[in-house]
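K.L.:
Each chain is listed here by its residues.
Protein chains: 2
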Amino acid sequence: MKYYIGIDLGGTNVRTILVDEKGKIYSHIKEATHAEEGADAVMERIKNQIRNLDCDVCGGLAGVNGIGIGVPGPIDVKKGCMLMAQNLPGFEGYPICSTLRREFGLPVHINNDANVAGLAEAVLGAGKDYKSVYYITCSTGVGGGYILDRKVVSGGLGYAGEVGNIIIVPGGYKSGIRNPGSAEAEASGNALTRQGKAILGDAIDHAGDVFRLAEEGNEECARLRTNFIEGFSTLLANIAHTVDPECFVIGGGVMESADCFWEELVESFNNKLYPGMRNRIPLLPSEIEFCGAVGAAMLPMTME
Amino acid sequence: MKYYIGIDLGGTNVRTILVDEKGKIYSHIKEATHAEEGADAVMERIKNQIRNLDCDVCGGLAGVNGIGIGVPGPIDVKKGCMLMAQNLPGFEGYPICSTLRREFGLPVHINNDANVAGLAEAVLGAGKDYKSVYYITCSTGVGGGYILDRKVVSGGLGYAGEVGNIIIVPGGYKSGIRNPGSAEAEASGNALTRQGKAILGDAIDHAGDVFRLAEEGNEECARLRTNFIEGFSTLLANIAHTVDPECFVIGGGVMESADCFWEELVESFNNKLYPGMRNRIPLLPSEIEFCGAVGAAMLPMTME
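Chains as they are written, first to last, in the working numbering: chain W, 1 to 304; chain Y, 1001 to 1304.
Note that these hints are calculated values from the structure, not bench results. Incorrect hints may appear among the rest.
[Stated by the list, open to error] Example chain Y residues on the side facing chain W (calculated, C-beta under 7 Å, incomplete):
1. L1083
2. I1166
3. K1272
[Said to hold, decoys possible] Below, a list of computed lysine-lysine pairs in the PhoX-like style, where the Cα atoms sit at most 20 Å apart:
4. Y:K1131 / W:K79
5. Y:K1151 / Y:K1022
6. Y:K1131 / W:K151
7. W:K22 / W:K131
8. Y:K1128 / Y:K1002
9. W:K78 / Y:K1131
10. Y:K1151 / W:K131
11. Y:K1047 / Y:K1030
12. W:K151 / W:K128
13. Y:K1151 / Y:K1078
14. Y:K1079 / W:K131
15. Y:K1151 / Y:K1002
16. Y:K1078 / W:K131
17. W:K78 / W:K151
18. Y:K1151 / W:K151
19. W:K2 / W:K24
20. W:K174 / W:K197
21. W:K2 / W:K22
22. Y:K1024 / Y:K1128
23. W:K131 / W:K151
24. W:K151 / W:K79
[Stated by the list, open to error] A short list of chain W residues far from chain Y (calculated; beta carbon distances all over 10 Å):
25. G10
26. K30
27. A32
28. E44
29. C55
30. D56
31. G59
32. T99
33. L106
34. P107
35. K197
36. E263
37. E264
38. L284
39. M303
The beta-carbon is built from N, C-alpha and C at its ideal position, and this holds for glycine as well.
If we strip away everything but chain W, and leave its shape as in the complex, we get (with noise of 0.2 Å):
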């Protein structure tokens, strides 16, 4: 059996475990990531981490294979660095695989948050039996990781999955420094939670308020479902027509509404696939607990 450390970085919390190649966990440490901090106080939080973790079962560190990270923002693999690091002030082309690497003697792999999650539940989860998995988080913002043969594919930037950005409005709604229309401004849980409070203010705390208040009758609510079903079915037609993947994985905190939107995003979906396609390209609800870490240690494995 071969042993990984995975880490979860993001803007909130790291977390870090130590799991085998079936992706059983058997150490797991979670704490502030305190961001404010830097990124040297945050790489020395993380090598803590490491050194504190549990390795009894392979002997000790000396007996993990390697360990992978996963990074909120697009990275360059090669140099083992983001590109962008919107929530982790001083991340911006900070070396990190290398920095772990001279600490730790071990083989160090890099990835975006999503393309590790995706990774997960395309070797462990939803989308083990398939040969390729796009991997789409819908939560605060929307994400994706495109897994062919068990491998992220990357890009060539390290910004292949970046589908939040992808335009399913034209003209629409502008978020940040992504495109007006794109498919985080117009079909993320921060879309709907936006469009919700603008027409009933305090009375939406989270998309799932949104949700439950058009289950309950209430019509604009459902008119916000509506457009976030096709919104979001569009989004993943377009991608099912760009690489036609074998199946799709959906994760991210809206999935906890899931009762309220998948039928129709299932068949809103279907609707807009050439025929020989339809009902063939499964979606797929994640089902990997702590995918961010568990996919980040399947990086050094699936890189071997």
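For this one, chain W is given, so just place chain Y on it according to the hints.
P.N.:
Chain Y alone, transformed into the frame defined by chain W:
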């Protein structure tokens, strides 16, 4: 040196060539397809073209390493047949590969015409220095092909690259069985011709007329040109955020008017990318003559 036979089977013409692994053409036969005679008759025509090729350079057919065939529509790579064959009656499900394999005792591979054109560009043409290439053909219709590590990504169902069905104008024009507002309906040669005729009638014969009149100062044609650039750049940006190819190669008849839109297309495309991607994914005009037949010949080579 290895030698391959490539077949470009279209609804109007069928072309068969003998090339070496560098794409040099040694023999070349082109005839009308006469698709209306049915699949058996067309297959006989193809077999005769193969028999009539001048294969002296490799000591006859026995010196050929494999056969590839490109066809107009999505394909089942494993079964070696077409899944949809709108312009080739009787070819849906017809065992093209096994028929040729039995006749000539050579490996035979099939793929979509846009995929093989992309393969030609990725292996021998404008994309030959790049590990990942997304090829787009903008002609009567819009098609594409994703080539990763010099191999066609066909997708789970053989529909990868069917980017003509990507939605770029939700609720837009409906062309054939495609989605309303598909790339083919909004940003193809046909779309420009249709839109131009609606305004200027018989003054418009093909997309080139729209571009020419726009150059000459016709404001309505200038608006159609702007819409085309906006739509086509949306298509390219959406694909870029899905797989982040190292380059795009763009071919097809509309490229004959490239002087009238290229510079603005490049600018509009880059404006729709994340800052870190801008001016780093080149758009390259296609280079290979007879890319359908040449790319088909590359199929057995890249599958070896």
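K.L.:
Does each hint hold? Answer for all of them.
P.N.:
Cross-check of the supplied hints:
1. L1083: holds (5 Å)
2. I1166: holds (5 Å)
3. K1272: Status holds, d = 5 Å.
4. Y:K1131 / W:K79: Judged against 20 Å, a Cα distance of about 18 Å means the pair holds.
5. Y:K1151 / Y:K1022: holds (16 Å)
6. Y:K1131 / W:K151: OK: K1131 (chain Y) and K151 (chain W) at ~16 Å, within 20 Å.
7. W:K22 / W:K131: Distance ~17 Å between K22 (chain W) and K131 (chain W) Cα, so the pair holds.
8. Y:K1128 / Y:K1002: Holds, because 19 Å separates the two Cα atoms, which is no more than 20 Å.
9. W:K78 / Y:K1131: Answer holds: K78 (chain W) to K1131 (chain Y) is near 15 Å, not above 20 Å.
10. Y:K1151 / W:K131: This hinted pair holds, its Cα atoms lying about 15 Å apart.
11. Y:K1047 / Y:K1030: holds (13 Å)
12. W:K151 / W:K128: This hinted pair holds, its Cα atoms lying about 12 Å apart.
13. Y:K1151 / Y:K1078: Roughly 15 Å separates the two Cα atoms, so the pair holds.
14. Y:K1079 / W:K131: Satisfied, since the Cα-Cα distance of roughly 18 Å is no more than 20 Å.
15. Y:K1151 / Y:K1002: Roughly 18 Å between the alpha carbons, so the hint for K1151 (chain Y) and K1002 (chain Y) holds.
16. Y:K1078 / W:K131: holds (14 Å)
17. W:K78 / W:K151: holds (15 Å)
18. Y:K1151 / W:K151: holds (16 Å)
19. W:K2 / W:K24: The given pair, whose Cα atoms are some 11 Å apart, holds under the 20 Å limit.
20. W:K174 / W:K197: holds (17 Å)
21. W:K2 / W:K22: holds (9 Å)
22. Y:K1024 / Y:K1128: Distance of about 15 Å is within 20 Å: holds.
23. W:K131 / W:K151: holds (10 Å)
24. W:K151 / W:K79: holds (18 Å)
25. G10: The claim stands: G10 (chain W) keeps its Cβ more than 10 Å from every Cβ of chain Y (closest is about 20 Å).
26. K30: holds (30 Å)
27. A32: holds (28 Å)
28. E44: At about 27 Å from chain Y, E44 (chain W) clears the 10 Å cut-off, so the statement holds.
29. C55: Consistent with the label, C55 (chain W) stays out of reach of chain Y, its closest Cβ about 35 Å off (over 10 Å).
30. D56: holds (40 Å)
31. G59: holds (37 Å)
32. T99: holds (22 Å)
33. L106: holds (27 Å)
34. P107: holds (22 Å)
35. K197: Answer for K197 (chain W): holds, closest chain Y Cβ roughly 24 Å.
36. E263: Answer for E263 (chain W): holds, closest chain Y Cβ roughly 21 Å.
37. E264: holds (17 Å)
38. L284: For L284 (chain W), whose nearest Cβ neighbour in chain Y is about 13 Å away, the distance exceeds 10 Å, so it holds.
39. M303: holds (15 Å)
Checked against the numbered hints given earlier, this structure breaks none of them.
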